[in-house]
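*Asks:* So the protein sequences, as listed, match chains A and B.
Each residue of the first sequence is one higher than the one before, starting from 47 at the first, in my numbering.
Each residue of the second sequence is one higher than the one before, starting from 47 at the first, in my numbering.
Keep in mind that the hints were calculated from the coordinates and are not lab data.
All C-beta atoms, glycine included, are put in the ideal place defined by N, C-alpha and C.
Hints should not be assumed to be uniformly reliable.
Said to hold, decoys possible - If the Cβ cut is set under 10 Å, some of the chain A residues that face chain B in the computed set are:
(1) S101
(2) L103
(3) T181
(4) G204
(5) I217
(6) R229
(7) G230
(8) V336
Said to hold, decoys possible - Ranges of calculated distance between the beta carbons of each label pair, as one might list FRET restraints:
(9) A265(A) to G61(B): 56 to 62 Å
(10) S62(A) to R140(B): 54 to 60 Å
(11) Q87(A) to G225(B): 56 to 62 Å
As the list claims (entries may be wrong) - Quick look at which bits of chain A chain B covers, simulated, 3 or more residues with Cβ under 8 Å:
(12) 150-164
(13) 186-198
(14) 291-305
Number of protein chains: 2
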Amino acid sequence: MSGMSEVYASVDLGGSKVACALATGDGNVLAERTIPTQSHQGSQAVFARIAALVSELAAEAGCQPAALGMGVPGLVDLEAGVVEFLPNLPTQWRDVPARDMLSSQVGCPVHLLNDVRMATLGELVFGHGSRGACTMVFFALGTGIGGGVVVDGKLRLGPLGAAGELGHQTILPDGPRCGCGNRGCLETLAAGPAITAQGVWLLHSGRAPRLHELVGGDAAAVTPKEMAQAAEAGDEAVREALVRAAEYLGIGVANVVTALHPELVVLGGGVAEMGPLLLDVVRESVRRRVRMFPTEDVRIERSLLGDKAGLLGGIVLAMKGGSIGGRKPR
Amino acid sequence: MSGMSEVYASVDLGGSKVACALATGDGNVLAERTIPTQSHQGSQAVFARIAALVSELAAEAGCQPAALGMGVPGLVDLEAGVVEFLPNLPTQWRDVPARDMLSSQVGCPVHLLNDVRMATLGELVFGHGSRGACTMVFFALGTGIGGGVVVDGKLRLGPLGAAGELGHQTILPDGPRCGCGNRGCLETLAAGPAITAQGVWLLHSGRAPRLHELVGGDAAAVTPKEMAQAAEAGDEAVREALVRAAEYLGIGVANVVTALHPELVVLGGGVAEMGPLLLDVVRESVRRRVRMFPTEDVRIERSLLGDKAGLLGGIVLAMKGGSIGGRKPR
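The whole structure should be built from the sequences, with the hints applied where relevant.
*Replies:* Here it is in structure tokens:
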């Protein structure tokens, strides 16, 4: 890998917090910090605070970043370096020329990407993909379900960096209305809130005694992780709800496997922390549903990098810049 | 394009017939003929007849092919040149070293590929894709539903040339049992037999008077094309059945568009001849279901090449040989 001796900066911009890191090209993190986003201050102020943070980290590490990679939770015009739309910030950003705004403040080239696609790069280069995968699919299971697709070593981007929205495959044609406007998206069936809602319902209906103990009767404390513990401890109804969600996810994974026959599928995000149940059910669903070719050679794994996938992907993005994806100028 | 002056041979091996053509590298067909497959004679005999046919065509055209591309309806080990499994021939073929068997008889290099992936190459190079698409998805709608995926100009193959089996996406999790063993595959809902079965049922139940006229009351004469004519002529129940099948296809298309944001989706095969209803419903389904990015720039078209897509793809395969796909040796 080139650029080992250079240092790069990475920024993972979220709705509530911004994570920032300085690292070498081989993924050795030199300094790292997280600050609140405070997006209500407007993009100019957010970028100023990010630039100040990068300066601090650079001073600590005693070196200047050669380039910066930033992931944002939304649509990016990759050629123009413009954030087209960030739906999840308290003040929605539209048409923010983020690349040039941030670049002028940090004094190095800036490259933008959707945050989940950036995490996909991290998984490819520093996670399970580093064992040699070249066609890989990443699912980020959190409040929503994002994704990323790598074909023959190149991130599939499309003109808006929006290819890979695997959480918005239709799994139930007449299913629940999704935030995106479609019905029955995978996200409506297997993202954190969909799973948690089932847990809360079972809690209220008295069918989850172990979960009730675990959260002290507090519905607000229910998470997929607590539900997995309750299932483990004997709450059968909770186990069924988790299996159903995991089977829906298994369909989403199976559909992409059928289309691309990848070497590797990585499940990341908070919901993936749920434990072995999720992985077991997804693996079994894929074996059962993909019948047109043998799937023994398709590895399905939980993220190695956890919540560091995005920041490490940002280092790859900073280092490789515009050459990460396979895009044709239009 | 290189190889314009060379002549190539193409073979499209089907369950009942074998189509064969000689053409220049720019797709100018010099000679073409179709013979019965007679697969019960065994693979050796079938290849001998194919080789004899190629010789005849070469004599007619007055030139020898530099290479031959052959599409087969099943799994191919691309590196070994071995047909692993052809489920649809009357005598199922297993582990037939087709590349070497045919090559020694025709006296030129032979390249194998799944037949629908070969047709995808045809559409890419000589069909709608020739207007410059580099990421393209092909659905072959016939007795089954096959497919092909092209990313950044390269056919996505996977280790068995089996990537792109788009007809085996799960559309209804608890839907009808598919021939592949899964439930609710797109193929069970929108392939020719699934559509025709609906037409026959409506015919028998007396709810398709126009269809009854068109086929003279003969259930065996019902096809998706006749059903489209009957719908046009006023059979509302037939129209509804066609719309439902097309909406299922629309979900399958929307899922792939969401994952890959291609520039082009091509619908081919006999069912696509059904007329504008299919294309209209699929386009509308994709617009309605893909909401994470604008889809105005995703063209959805009926095949330009029709049943010639496979043969023309075989010419591309012959010309480009092993460099058609993006594969990493394992």
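*Asks:* Look at each hint and say if it fits the structure.
*Replies:* Results for each hint:
1. S101: violated, 35 Å
2. L103: violated, 33 Å
3. T181: holds, 7 Å
4. G204: Because about 3 Å separates G204(A) from the closest Cβ in chain B, which is inside the 10 Å limit, the hint holds.
5. I217: It holds, given that the least Cβ distance between I217(A) and chain B is near 7 Å, below 10 Å.
6. R229: The hint holds - R229(A) has a Cβ within 10 Å of chain B, the shortest such distance being about 8 Å.
7. G230: holds, 9 Å
8. V336: holds, 7 Å
9. A265(A) to G61(B): 56 to 62 Å: Because 58 Å falls inside the window, the suggested range holds.
10. S62(A) to R140(B): 54 to 60 Å: About 57 Å separates the Cβ atoms of S62(A) and R140(B), which means 54 to 60 Å holds.
11. Q87(A) to G225(B): 56 to 62 Å: Cβ of Q87(A) to Cβ of G225(B): about 59 Å, so the range 56 to 62 Å holds.
12. 150-164: violated (count 0)
13. 186-198: n = 4 at 8 Å, threshold three: holds.
14. 291-305: holds (count 8)
In the structure shown, a violation is registered for the earlier hints numbered 1, 2, 12, in ascending order.
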